[in-house]
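As you go down the protein sequences, you meet chains Z and X in turn. The letter at position 426 of the first sequence is residue 426 when you use our numbering, and the numbering goes up by one with no holes. The letter at position 24 of the second sequence is residue 24 when you use our numbering, and the numbering goes up by one with no holes.
Just to be clear, a hint being listed does not mean it is correct.
[What the hints assert, rightly or not] Calculated lysine-lysine pairs in the BS3-like style (CA-CA distance at most 25 Å, straight line): (1) 150/X with 162/X; (2) 138/Z with 122/X; (3) 215/Z with 67/X; (4) 459/Z with 416/Z; (5) 67/X with 138/Z; (6) 390/Z with 371/Z; (7) 45/X with 122/X; (8) 250/Z with 291/Z; (9) 150/X with 36/X; (10) 215/Z with 122/X; (11) 390/Z with 355/Z; (12) 126/Z with 5/Z.
[As the list claims (entries may be wrong)] To give an idea of the chain X side of the interface with chain Z (calculated C-beta under 8 Å), a few residues: (13) 71; (14) 72; (15) 76; (16) 87; (17) 88; (18) 89; (19) 96; (20) 118; (21) 122.
[Stated by the list, open to error] Label-pair distances were calculated between CB atoms; the ranges are: (22) 14/Z with 65/X: 56 to 64 Å; (23) 65/X with 144/Z: 23 to 31 Å; (24) 103/Z with 119/X: 21 to 29 Å; (25) 145/Z with 61/X: 25 to 33 Å; (26) 270/Z with 133/X: 36 to 44 Å; (27) 103/Z with 138/X: 46 to 54 Å.
It is worth saying that the hints were derived from the structure and are not from the lab. Glycine included, C-beta positions come from ideal geometry on N, C-alpha and C.
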Amino acid sequence: MPLLKIDHQELEVAAGSQVLEAALAAGIEIPHYCYHPALSVVGSCRMCIVEVEGMPKLQTACSTPIGELPADRKVDGKYDMVVHTESEKVVAARKLMLEFLLLNHPLDCPVCDQAGECFLQDYSFKYGSAHSRFIEEKRVRPAEDLGSGVAINHDRCIMCTRCVRFTREITGTDELFVMDRGYSNRIAVFDGLPLDNPLAGNVADICPVGALLLKDYMHTTRVWHLSHTESVCNECASGCSITVDARDNKIYRIISRENPQANGYFICDYGRYSFHKYADSPLTRPLQRTKDGWEMIDWDTAYRQVLEQVQATGGKGAVRALASPTFPNEPNFVLGQFMARLSDRKNIALLPTLKEDDQEFPGGFRISGEKGGNLRGVQAMVPGLAAAMKSLMRGEPGVLIALDGDGRAHLTGELKRLLELVAFKVVVASMPSDLTAQADLVLPVATPYAREGTMTNDKGLVQWLQPALHPAGEVRPDWQVIAELGQLLTGEGHLYTCAGDVTWKINQTTPGYSQITRFRLGRTGQLSGSEAA
Amino acid sequence: MATVQRTYEPQFSDRFYLPAVVRGLWMTFVRIFRRKDTIPYPDRKYVPADGYRGLQRLNKDAEGRIKCVACEMCQTACPAHCITIVPSPAPWDEGEERYPVQFDIDLLRCIFCGFCELACPKEAIELTEIYDYASYTRDDLIINMEGLLKVYDVTSQGNIYKRQNEGESITIDTGKL
Chain Z
1 MPLLKIDHQE
11 LEVAAGSQVL
21 EAALAAGIEI
31 PHYCYHPALS
41 VVGSCRMCIV
51 EVEGMPKLQT
61 ACSTPIGELP
71 ADRKVDGKYD
81 MVVHTESEKV
91 VAARKLMLEF
101 LLLNHPLDCP
111 VCDQAGECFL
121 QDYSFKYGSA
131 HSRFIEEKRV
141 RPAEDLGSGV
151 AINHDRCIMC
161 TRCVRFTREI
171 TGTDELFVMD
181 RGYSNRIAVF
191 DGLPLDNPLA
201 GNVADICPVG
211 ALLLKDYMHT
221 TRVWHLSHTE
231 SVCNECASGC
241 SITVDARDNK
251 IYRIISRENP
261 QANGYFICDY
271 GRYSFHKYAD
281 SPLTRPLQRT
291 KDGWEMIDWD
301 TAYRQVLEQV
311 QATGGKGAVR
321 ALASPTFPNE
331 PNFVLGQFMA
341 RLSDRKNIAL
351 LPTLKEDDQE
361 FPGGFRISGE
371 KGGNLRGVQA
381 MVPGLAAAMK
391 SLMRGEPGVL
401 IALDGDGRAH
411 LTGELKRLLE
421 LVAFKVVVAS
431 MPSDLTAQAD
441 LVLPVATPYA
451 REGTMTNDKG
461 LVQWLQPALH
471 PAGEVRPDWQ
481 VIAELGQLLT
491 GEGHLYTCAG
501 DVTWKINQTT
511 PGYSQITRFR
521 LGRTGQLSGS
531 EAA
Chain X
1 MATVQRTYEP
11 QFSDRFYLPA
21 VVRGLWMTFV
31 RIFRRKDTIP
41 YPDRKYVPAD
51 GYRGLQRLNK
61 DAEGRIKCVA
71 CEMCQTACPA
81 HCITIVPSPA
91 PWDEGEERYP
101 VQFDIDLLRC
111 IFCGFCELAC
121 PKEAIELTEI
131 YDYASYTRDD
141 LIINMEGLLK
151 VYDVTSQGNI
161 YKRQNEGESI
171 TIDTGKL
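Given the sequences, and given the hints that come with them, work out the whole structure.
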């Protein structure tokens with residue numbers, strides 16, 4: 001393998017890889033705009049210029065491949081390439097390059113939403129100069145709407161073309177292109193063909209400056225006020241890694257988080273904007289159906305009622321339960337555990353969720369059609385769950401405990417028949433939905449971004465969910481509600497004090513999850529089951 | 001044991017005290033004709049020096065619109081965390097694209113350090129000479145955007161205490177304040 005020397009660090013890298021990749025992997029910072037690991041290399045921003053010994057001009061690190069030299073021509077007798085990233089020549093050239101990129105920049109950081117995470121700001125501060133020699137009038141162009149909730153501010157654009165390459169290579173939809181040449185070139189869409197694909201929001205994420213911005217997030221807050229919580233999207237079974245940005249217990253945006261095992265670098269717009277659904281009127285207190293609507297009750301009364309109803313309608317053997325793929329593994333596991341005690345898991349089935357076709361993109365990104373995000377996890381938590389809902393139709397009408405998650409239950413004919421059959425319906429949910437509308441008792445749990453626990457995506461990757469919000473009202477954690485119901489019905493206490501306790505129990509008892517612990521999951525998760533081997 | 005050393009031994013005239021009393025009365029008499037160091041507040045208002053850091057105001061531009069672009073720099077710089085800003089896209093077409101819909105300053109928390117003024121990139125927030133805004137409730141001392149703009153209206157034509165002393169009648173009506 002070629003031996004590379006960057007500044008004072010010696011690196012052995014594979015032949016054919018680029019200098020910038022090798023430097024970034026080794027933790028050496030080379031400033032860059034147009035290079036993105038998921039996109040092709042164009043070398044248009046000229047920001048990553050470095051000095052390579054033996055080459056007459058400065059080279060762009062992103063497009064300089066590393067090769068092996070013959071033994072007699074090695075630099076200093078052993079190196080295949082010697083790169084300087086902080087030499088005088090490089091520092092001066094970077095300064096000039098930044099001055100050039102900022103020629104027409106409006107310097108409107110106070111109103112720009114990128115401020116705080118803008119690479120123009122960061123690099124200007126670190127590598128640039130405080131003054132511009134440009135005395136002519138700056139070019140001013142109006143901002144435009146590109147479609148799909150993305151707006152472009154041409155004045156701030158540095159023409160790195162990350163967005164253009166994204167629509168070409170990742171989504172394959174080709175909406176964006178570079179219009180005109182030279183001084184008047186700009187990112188544009190064709191007339192009547194706006195940006196229109198379910199991954200469009202990513203162009204704002206990958207834009208290194210404030211040119212492409214999400215209209216949803218525009219002028220709402222400043223990035224340095226946001227707390228960043230690493231979590232997992234549960235809108236579909238792809239289980240993308242996300243960062244939830246919140247402030248004062250309110251989510252302002254969701255951005256993708258790099259995870260090569262799950263989503264790569266991007267997320268879809270369904271997941272990106274999903275937090276809006278859960279912001280309005282989540283359930284905050286246990287609700288009991290009365291003759292004319294709903295009555296708010298406290299938890300003790302609610303549990304007492306469940307017990308009374310169970311005794312009145314067919315006893316513990318007639319309790320049926322629906323495990324939910326919209327919930328993390330923990331509540332489903334606890335549900336499976338106590339249903340095994342009550343009726344040897346005969347009376348537990350899977351809550352139906354919406355199934356659509358998978359959406360595949362040329363760049364390899366996939367939006368799963370399975371809208372119950374934790375389907376694979378539920379199946380592992382509750383063995384034998386594949387059996388249809390038919391088994392629940394037998395016997396006397398009893399109490400149904402349904403986990404609804406966040407209002408994404410799909411009311412199939414089978415489910416409707418079951419709802420008619422049972423005498424008393426307890427729905428554990430975070431949001432009002434069609435299913436909670438039919439319930440006799442609703443027990444509120446935390447909304448998706450306020451949950452803690454593990455989720456298993458359709459590839460078997462288990463990831464840890466971190467709560468980004470504090471739940472409102474008297475909401476209790478989902479695993480706790482189920483564990484308390486179990487305690488009530490089986491008469492045996494539980495020893496769980498937090499979601500991690502349940503995860504530990506899963507680790508001890510569930511086949512395929514022996515490698516899964518709270519701390520092993522880390523930021524990017526662990527593969528479960530046979531995939532781990 | 002400590003000993004007190006007298007450096008001055010009182011004379012007979014000192015022990016008599018009357019000359020000292022007369023000297024004191026003379027001093028008082030002379031001071032009657034000099035310029036007074038006290039002012040009859042609140043009939044006359046104390047005029048603070050330029051650069052005094054008192055109640056904040058939000059400046060308006062030439063068209064009478066708020067200058068603030070809700071960049072939250074003052075909020076970030078504020079060591080007392082007394083500023084609350086809610087930004088929003090601006091309703092006007094020309095000019096800045098962002099403006100505040102809520103701009104509250106908790107005057108009970110404010111330490112009048114002037115960092116907000118220094119941090120402001122648009123010269124939108126300024127500290128004025130106003131110091132007499134006491135109130136009976138804590139709620140009244142959370143000044144909102146409307147109030148801050150009214151402070152601008154009142155103070156933009158010159159030092160209000162100077163004007164009050166010249167006989168101009170100015171009331172600071174800043175909504176709740």
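Any of the earlier hints contradicted here, and which numbers?
4, 7, 8, 9, 20 and 26
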